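J.: Residues per chain, in single letters:
Protein chains: 2
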Amino acid sequence: MSVRRTSPGGEDRPLSLIERTRRDQLVQVTIDLVAEHGYAATSLARIAQAAGITKGAVLYHFASKDAVVAAAQAHVLDALVTDVGAAVDAAPADRAPAAYVRRMIGHLAEHPDHARMIIEAMINDDRPEPEARWRPLAALLWNAREARGLGPGPDTRTLAIIAGGAIDGIVGERLQDAGYDTEAAAESLIAMLESATFA
Amino acid sequence: MSVRRTSPGGEDRPLSLIERTRRDQLVQVTIDLVAEHGYAATSLARIAQAAGITKGAVLYHFASKDAVVAAAQAHVLDALVTDVGAAVDAAPADRAPAAYVRRMIGHLAEHPDHARMIIEAMINDDRPEPEARWRPLAALLWNAREARGLGPGPDTRTLAIIAGGAIDGIVGERLQDAGYDTEAAAESLIAMLESATFA
DNA sequence: GTCTATATCCCGATAGAC
DNA sequence: GTCTATCGGGATATAGAC
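Protein chains in written order, with the numbering used here: chain U, 263 to 461; chain B, 263 to 461.
By construction, these hints were calculated from the structure, which means they are not laboratory data. Because the structure is a prediction, the values reported are computed rather than measured. Some clues are possibly wrong.
Copies of one chain are not kept apart here, so a pair can be met inside one copy or by any two copies together.
[Claimed, not checked] Once the Cα atoms are required to be at most 25 angstroms apart in a straight line, the calculated SDA-like pairs of lysine to any residue come out as: (1) Lys327 to Ser305; (2) Lys327 to Glu298; (3) Lys327 to Ala310; (4) Lys327 to Asp439; (5) Lys317 to Ala352; (6) Lys327 to Arg436.
Work out the full structure, taking the sequences as your base and the hints as a guide.
T.: What follows is the structure, given as structure tokens:
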């Protein structure tokens, strides 16, 4: 039996160039299919067909269908955190929450297929880390207050949850109406958030 | 062939009491199963098993699986709009948005199984009315400004989208942490929303 | 290394016994 | 009115040819 890169052991030795290419292609078509038809309607057969190969070939490169979609989810999530993280790091502490909101909405508006995939991922994900969603933004809000020399203030957890949900709403609206002005919406949300944060 | 109440014609003649009971029971177990295991994992077999009958029996009372879940969705949606609608009607126009937010969060926090079902319904729903989600709240916001004699103001569509998303976020957090104080969160959101509305 | 063929399972739905 | 038995289809995954 040949070495499976997605073996249960999970050892991540280097992949050959052509295998790397195949995996990237499969991840890409999976993202497209989920974005277009949703998670439930994305079967192995459709992934294989979209990639121009057979089901068996797909399962040679990935151990299971779940492994394919997990790789696709990891890809879009990585792109998101890299982009947003860079924007946050480049902003002064008291404007970091604004940078977070602005870039998060910007990224998802620029990559609507990623947005659909991330939404479906959060829905299907069993055992989600409850805090993972709001903790980063809550930390930014806390630091922003500190940077302005303010004492204990509003509940940053709730503010982060409200802002996170609002971001989802704005991005979701953009998915249904490509003409929706997400930049204006982002600035409205930022104004509300900063007003509540520094109150 | 006996008369099928869910026949394509859709004539809604009165149902017998016992049939009414069976349908209610099936709707209830479907809500529970979707809330617990999600939409995709809720099969006819599981519905039948949870109700203590067989698949065939379920399909006697409903024309198809989709008809069962559609009935369950209609049930939770009806409960939501009735509850929220009454609260909105009982409030003065300039506090109607607050009443909407407060009761929406309250209702979904009090009925977490309904919340899960509604979320899954919105995800799976193909061809959603794009405006259906934010239009009602946007109208309330518009009327609230008018009630206070204010002229043209902020974009009520965006405010409604932000508030709607924030509601989802708060309710979602409650689903993962039963100890989360949704009432305090609701008041925070209302303060932010009214501040932006009457600015 | 990739594909064909197949195995196995579960899905929704139907037919007909009772 | 409810159940048993079964159908046809599509799903994931495996075995083995080449």
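J.: Look at each hint and say if it fits the structure.
T.: Each hint tested on the structure:
1. Taking CA atoms no more than 25 angstroms apart as the test, Lys327 paired with Ser305 passes in both settings, with 8 angstroms inside one copy and 20 angstroms between copies.
2. With identical chains, the CA atoms of Lys327 and Glu298 are at most 25 angstroms apart both within one copy (18 angstroms) and between copies (23 angstroms).
3. Proximity of Lys327 to Ala310 under the C-alpha cut-off of 25 angstroms is restricted to the intra-copy arrangement: shortest distance 11 angstroms within a copy versus 28 angstroms between copies.
4. For the homomeric pair Lys327 and Asp439, neither the shortest alpha-carbon distance inside one copy (31 angstroms) nor that between copies (31 angstroms) is at most 25 angstroms.
5. With identical chains, the CA atoms of Lys317 and Ala352 are never at most 25 angstroms apart, being 44 angstroms at best within one copy and 58 angstroms at best between copies.
6. Proximity of Lys327 and Arg436 under a CA criterion of 25 angstroms is satisfied in neither setting, with 29 angstroms inside one chain copy and 31 angstroms between copies.
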